[in-house]
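Colleague: Fit chain B to the supplied structure of chain A, relying on the hints for placement.
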Amino acid sequence: MPAVDPPLALLAELTHRCPLACPYCSNPVELERASGELGGEEWQRVLREAAALGVLQVHFSGGEPMVRRELRTLIAEAASHGLYSNLITSGALGGEREIAAFAEAGLRHVQLSFQDHEAANADRIAGLAGAFERKLKFAAAVRAAGLPLTLNMVVHRQNLDGIAEMIDMAQALGARRVEIAHVQYYAWALENRAALLPSRAQLDEATRIVEAARERLRGVLAIDYVVPDYYGVRPKGCMNGWGRQFLNVMPSGTVVPCHAAETIPDLSFPSVRKQSLADIWYRSDAFDRFRGTDWMPEPCRGCDRREIDWGGCRCQALALTGDAARTDPVCALSPDHTLVEAALGEAAAAAPQPFVYRQFR
Amino acid sequence: MVGSASTLKLAPHIVFRFDETRQRWIMMAPERLMLPDEQAVEILKLVDGRASVAAIVDTLAARFNAPREEIAGDVAEMLQDLADKGCLADAGR
Numbered sequence: 001m002p003a004v005d006p007p008l009a010l011l012a013e014l015t016h017r018c019p020l021a022c023p024y025c026s027n028p029v030e031l032e033r034a035s036g037e038l039g040g041e042e043w044q045r046v047l048r049e050a051a052a053l054g055v056l057q058v059h060f061s062g063g064e065p066m067v068r069r070e071l072r073t074l075i076a077e078a079a080s081h082g083l084y085s086n087l088i089t090s091g092a093l094g095g096e097r098e099i100a101a102f103a104e105a106g107l108r109h110v111q112l113s114f115q116d117h118e119a120a121n122a123d124r125i126a127g128l129a130g131a132f133e134r135k136l137k138f139a140a141a142v143r144a145a146g147l148p149l150t151l152n153m154v155v156h157r158q159n160l161d162g163i164a165e166m167i168d169m170a171q172a173l174g175a176r177r178v179e180i181a182h183v184q185y186y187a188w189a190l191e192n193r194a195a196l197l198p199s200r201a202q203l204d205e206a207t208r209i210v211e212a213a214r215e216r217l218r219g220v221l222a223i224d225y226v227v228p229d230y231y232g233v234r235p236k237g238c239m240n241g242w243g244r245q246f247l248n249v250m251p252s253g254t255v256v257p258c259h260a261a262e263t264i265p266d267l268s269f270p271s272v273r274k275q276s277l278a279d280i281w282y283r284s285d286a287f288d289r290f291r292g293t294d295w296m297p298e299p300c301r302g303c304d305r306r307e308i309d310w311g312g313c314r315c316q317a318l319a320l321t322g323d324a325a326r327t328d329p330v331c332a333l334s335p336d337h338t339l340v341e342a343a344l345g346e347a348a349a350a351a352p353q354p355f356v357y358r359q360f361r
Numbered sequence: 001m002v003g004s005a006s007t008l009k010l011a012p013h014i015v016f017r018f019d020e021t022r023q024r025w026i027m028m029a030p031e032r033l034m035l036p037d038e039q040a041v042e043i044l045k046l047v048d049g050r051a052s053v054a055a056i057v058d059t060l061a062a063r064f065n066a067p068r069e070e071i072a073g074d075v076a077e078m079l080q081d082l083a084d085k086g087c088l089a090d091a092g093r
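Sequence lines, in order, name chains A and B.
In this text, residue positions in the first sequence follow the numbering used here: the first is 1, and each later residue adds one.
In this text, residue positions in the second sequence follow the numbering used here: the first is 1, and each later residue adds one.
If we strip away everything but chain A, and leave its shape as in the complex, we get (with noise of 0.2 Å):
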């Protein structure tokens, strides 16, 4: 085993908890309720243990994480440890008056949620009547508190044509950033899969188009692009390896990888209510199971990219075959890379589908 580096970044899930519903959510298909959440003062004590453990990062999510009355307190408890603050919210909850709080307790960027460019669309993809308005006064909220503002559009076949006036409608709202990122197939964006995924030359044409911004629009909005691994050659170096940078605790305390990583089902995750996170980190074998290269089969361990890819997505080679340990079925050299190219082929075929929207089941 690799000696193991301290953590990066924690993502911190305080809710499942949302107003919204939208079709792709990357939280879990089985949502934990409010009775199960961690309360506010064990979430102060787990960011007094990250910053000891040498995390720089903390992620307010969720869920819609202002859902949570605490949100406050655990801003400026992040502050007092000098980690750097960053808010992902929908926007859909809460205004001026919260934005203000949070950036006097030492918020240091909001990352805001818009499912289209325009209202019709976005309110539909969101499962929320009004929600594209109330997201507008948002984004002017946080730049009335000069906090800087990243816009996140999550983008698919059915709101991928609007790419340019995506990019327009960030810069309109004082966005220094955006980050345009395809959906990744996991959990509820699973179940939609045939509903959102692009076709090749709805993807060749946004992509041109935001290469194209990029280029126009250096040193005033930075784009950040996530492609479709479904389209890729070679899988996405999934969290900069399993248990390298990252760790994410959810709603209920659990701490594991990345978000999907509860799917996989012969690992048991440990959680913050029994264990510290330095024990979690350092000494657990969920954390240890996919670290560095050993764990690697074929074509991985021989590959040239196993310290770039670190074999892909675990949870995407589990979703697609049923096996958390095979290389990332995204990648070309994969042995099951078929199985993306029939999920391509499927969706080109089919008909318009209904979402399936999120929801407590």
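Source of the hints: derived by calculation from the structure; they are not laboratory data.
Be aware that one or more of the hints could be misleading.
[To be verified] Selected chain A positions facing chain B (Cβ under 10 Å, derived; list incomplete): (1) 8; (2) 148; (3) 220.
[Said to hold, decoys possible] Below, in silico cross-link-like pairs of lysine-lysine (DSSO-like), each with a Cα-Cα straight-line distance of 30 Å or less: (4) A/236 x B/85; (5) B/45 x B/9; (6) B/85 x B/45; (7) A/137 x B/45; (8) A/137 x B/85; (9) B/85 x B/9.
On a predicted model such as this, the values are computed, not experimentally measured, just so you know.
C-beta atoms are modelled at their ideal positions from N, C-alpha and C, and glycine is treated no differently.
Modeller: What follows is chain B alone, placed relative to chain A:
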């Protein structure tokens, strides 16, 4: 464009600080951690919203007893790169 008369400061979403755990200077942006090398650290410490780029070059040339043109090239290249990434803001002086 960053010129020798420019006066720059770190953009509000950037944090540049010493990290005790790793015993090195780090620079943080949302979703990004940068690990500036020793030369970049010396330059960044002087980006304070008051000193012009020319003044930063003077300070470094004196401190390291190095040719001014060489330092000026390195400083301009690094600051332009950071400005393009949105890490620097014009301090307007």
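Colleague: Which hint numbers doesn't this structure obey?
Modeller: Hint check: 7 fails alone, others pass.
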